[in-house]
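J.: Single-letter residue listing:
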Amino acid sequence: MDKRAMENRKEQRKKKIKNLSVQSTILFSYTLVSLVSTLFLGITLYQQYARETRSQMIANTELLAKQTVSSVEDYLRSMRGISDAMYYDIIKNTDFSKDNVDDELNLLYEAHRNDIISFALYGADGTLVGAAPTSIEKFTLDIKQQPWFYEAQQHVENIHFSLPHVQNLFDDSHVPYPWVISISRSVELNAHGKPKQGILLLDMNYHSIQEMLSEVNETNSQQYVYLVGSNGELIYHPNQLEINNGLRMENTLQNANLEDGIHEDVLNGSDRVVCVNTVSYTGWKLVSIIPASSFKGGLANSRYVLMLMITVTMLTVLLINRYVAGVISRPIIDLDDSIKDIEEGNKKEILIEGSKEVQHLAITLDSYIKQNELLMDEVVMEQEEKRKSEMDALQSQINPHFLYNTLDSIVWMIEEGGYDEAVFMITELASLFRISLSKGKTIISIKREIQHAKNYMNIQKARYKDTFETIFEIDDDINNYCTVKLVIQPILENAIYYGVSKEDGDGKIIIRGVKEGNDIYISVIDNGFGMDEETCENLLDEDVMNHHKKSHGSGVGLLNVHKRIQLRFGEQYGLKISSELDEGTNVTIHIPAIPYTQANQLALENMDFDSIEVEGVE
Amino acid sequence: MKRKQNGKIFGIVVSILTAMCVYLYYETIHDKPAPPRIRISVIVNDSIDNKWGRLQAGIEQAAKEFDVNISYITMHQFESFEQQQKTIEDEINNGVDGLIVQFVDNDQAGPLMNRIANQTSVCLIETDVNHGPLLEGNYGTVLRDTKGIGKTLAQHAMQEVDGKKPKKIGLVHEPLLDLAKEEIRNTFVEEVEALGGEIGWELEDSSSTTIDIHEKSVPCDVYVGLDDKSLQDIVIYFAMKGLVGEQIYGIGHSDRNLKFMEYGFINDMVINNDAKGGYLAVREIVDHVKNPKKPMGHDVIDYIVVNQENMFELRNDVILFPKGQ
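Keeping their order, the protein sequence lines are chains A and B. Here the first sequence is numbered in numbering that gives the first Met the number 0, starting from 0 and rising by one per residue. Here the second sequence is numbered in numbering that gives the first Met the number 0, starting from 0 and rising by one per residue.
Treat the hints as calculated values from the structure; they're not laboratory data. Even for Gly, the Cβ is constructed at its ideal location relative to N, Cα and C. Fair warning: there could be bad hints in the mix.
To be verified - Label pairs and their computed distance ranges (CB to CB):
{"#": "1", "chain 1": "B", "residue 1": "D211", "chain 2": "A", "residue 2": "S134", "range": "32 to 38 Å"}
{"#": "2", "chain 1": "A", "residue 1": "R50", "chain 2": "B", "residue 2": "K146", "range": "55 to 61 Å"}
{"#": "3", "chain 1": "A", "residue 1": "Q221", "chain 2": "B", "residue 2": "G195", "range": "53 to 59 Å"}
{"#": "4", "chain 1": "A", "residue 1": "G268", "chain 2": "B", "residue 2": "E197", "range": "38 to 44 Å"}
{"#": "5", "chain 1": "A", "residue 1": "I319", "chain 2": "B", "residue 2": "Y24", "range": "41 to 47 Å"}
{"#": "6", "chain 1": "A", "residue 1": "N105", "chain 2": "B", "residue 2": "G195", "range": "54 to 60 Å"}
What the hints assert, rightly or not - Part of the chain A face toward chain B, derived, beta carbon under 10 Å:
{"#": "7", "residue": "S69"}
{"#": "8", "residue": "M306"}
{"#": "9", "residue": "M308"}
Make a model of the complete structure from these sequences and hints.
T.: Below you can see the structure in the form of structure tokens.
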């Protein structure tokens, strides 16, 4: 049930689409195609732009990271340079048995006090040899246990960078617990020309590094950089406090183990692009983070622009489509309106305008309509002619002269006492009229037509006192075929009046009916005066006969018969007249052999030739 | 008829598209004004005191993270609760979005809280107030773990030294004006007693003279200061007497006490993670300003126990000396 309902709905939808007007169809199709194309183009452009933006952002971040790493490296290099200067220019040139380096250290410190918290020079046993700024050493500390100390002692050839830590060497009332990054190295201390191992410590201010990296992070974007040690220890992070207190997560260890380059990671379910760069000397890694959301954020305005572009395009396309659809469909709509007007009878002519194709269509349609009108007129005319012919035929039957003469003959017979003959005449006359009327039928059987001819000839023979002989040679086979009624009688009438009536008993009229193939031929042959060839030819010429009718009134019956046969059966049928002067005349009726059945009779009456059946004739 | 209807539909579609064009054009060319920055005022007693350093570090970090303007209402000691109340009301009248408040008088703060909690987002630090029928969720708190601190401190104070379990404890603290201090003290005393100790004397005056009088009458094994000043005064008292090796414990935060601890004058010191407290206080207010229907939360901040041995360990340094400080 549901399926059927669905199918019905589908059908209705299809019908609706099919019933769309030309303008709507053009507008809808063009707009749909334009929309799909614009969307496809827009989305492709947007995706391309998004990819480009993403690549550009990554490239920018990579560049910024490289610059930052370069700055950090420069800074560390300068710190290293200070350490080198202290070692090679001061410590190496000092004999510690008689001099100290406090003044030189203080001078260096003063020159770099913003970046350096302290200098310290220790002996291998951890005793303080010199320091700047001059401060009180904390007595609680075992220097030899400090990581920076034993690292430098163990690996004498290297300069060591520690992780950020709180300095705990000196009592300083101004900065009691500063965060520092310790740079330590093993040095040679000369005393009496003998070298001894010492450790030089430079505590650089952690805030310098912090500020350097904070500046990079001071943008409104969601991107940020952080610095990790080679084992994932956090050196700098813009959210260090949150991370230390468990309020935020960071993949420090994972990212510290990544190779330099671009990577992707996921933190708390969010995708991020990670750019890793190693800082020379230290093995630290600068990690730049670009959250995936920042790519989208940067594209927000582009999305609006793209949507605006699509909407404007849509609007423009819609308006243009509407105009184009209007231009294309207007002549078709006008043509349609014009046809409707013609259907309603308000107009007679089709509007011819618009494109070449539409004009051609309109012209063709106009021509068809005109042809149709012509044909209709012809049919009407034919019908009228037919009716007229039949009226003429009927009129000829009730020719007052014929009736008068016949009745006069009957009166004469009664007066002469020829009652039997009078009765015969009246009977024949009655039969004649019965067949003439035939209940309004036009098509009757040949048998009845022959009967009609016989009735007529019997009456005429009585009138003309047997001055001529009548011979009927009708094949029995043709009796049950159709014929137009009252076609033989006018020919007989002509044969009597213009053929044999003036003969003195030698006149002969032969009525012969045969079937040849699919045709039937009924001939009326007389041995009268005959006609010359020209008269004979003119008998069936309508123009001549109309003129002749007005002047003489003879031979018109034949033309009437000829036309009636042709109207009913077609141009190939009708009368054929041959005559020779002093020999006689032969008028042959040619009709198709159509069996006389009720169906065929009805079909012929209605001129419905397609329904005629030619089989089944006995 | 049908053509008229089609024309109507076409007109509607064109109108919609035109409206969309206008809207999108407007969105494209007009930069949305940035929402006004949230303004938060911090009103604490003696706001320039070094004790607020860590809290400020947390507040600053959160301010940077959430793009907030912070105003520290610089005052030394509020002379009275009325003065603090006026300061608070002035700030509300100035249209601040939130207040971080440490009340100077716990008892009088209740009615004021009832009034202001509906006007702005308030987050209390250090201690809650006796607020009466205040709707839960109308204000937030970021408090110390008072019970945990009291208990932990008692356990450290009662630990054996050289195989000898302490018996008597000399307890010094400032007047217990707020609920938090009171709760720390009570929990401490309960735990000491539970561990078999007793309070030899308890002072609200930490001057050397007062301590001396009591110490002479009842000598104690362990001395505990429940606040930074009391702890300092205990250390100073014994230093002045030239006594070293006394068992001194307490709650502190100042660099001075850290120095005392570094040099071995203080055995163990409890320090609150105030930086985290400052961060959470700002976060609570920002959340509430952005989503006023969401009730404000009550956070408890953690603490660490540091001593001479572990105070320079990195895990403690990040709490003791926040890098942003």
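J.: 32 to 38 Å was suggested as the range; check whether the CB atoms of D211(B) and S134(A) agree with it.
T.: Hint holds: Cβ distance 35 Å, inside 32 to 38 Å.
J.: The hint names S69(A) as touching chain B; please verify it with the least Cβ-Cβ distance against 10 Å.
T.: For S69(A), the interface hint is violated, since the closest Cβ of chain B sits about 24 Å away, which is over 10 Å.
J.: Close enough to count: is the Cβ of M308(A) nearer than 10 Å to one in chain B?
T.: 9 Å, holds
J.: Okay, Q221(A) versus G195(B) on CB: inside 53 to 59 Å?
T.: 57 Å, holds
J.: Take a look at whether the Cβ-Cβ distance between N105(A) and G195(B) falls inside 54 to 60 Å.
T.: Given range 54 to 60 Å: holds, Cβ gap about 56 Å.
J.: Given the hint of 38 to 44 Å, check if G268(A) and E197(B) actually sit that far apart at their C-beta atoms.
T.: 55 Å, violated
J.: Evaluate the given range 55 to 61 Å for the C-beta pair formed by R50(A) and K146(B).
T.: 57 Å, holds
J.: Can M306(A) be said to touch chain B, with a Cβ gap under 10 Å?
T.: 5 Å, holds
J.: Regarding I319(A) and Y24(B), is the given constraint of 41 to 47 Å on their beta-carbon distance met?
T.: 20 Å, violated
When the structure is compared with the earlier hints, violations turn up for hints 4, 5 and 7 and for no others.
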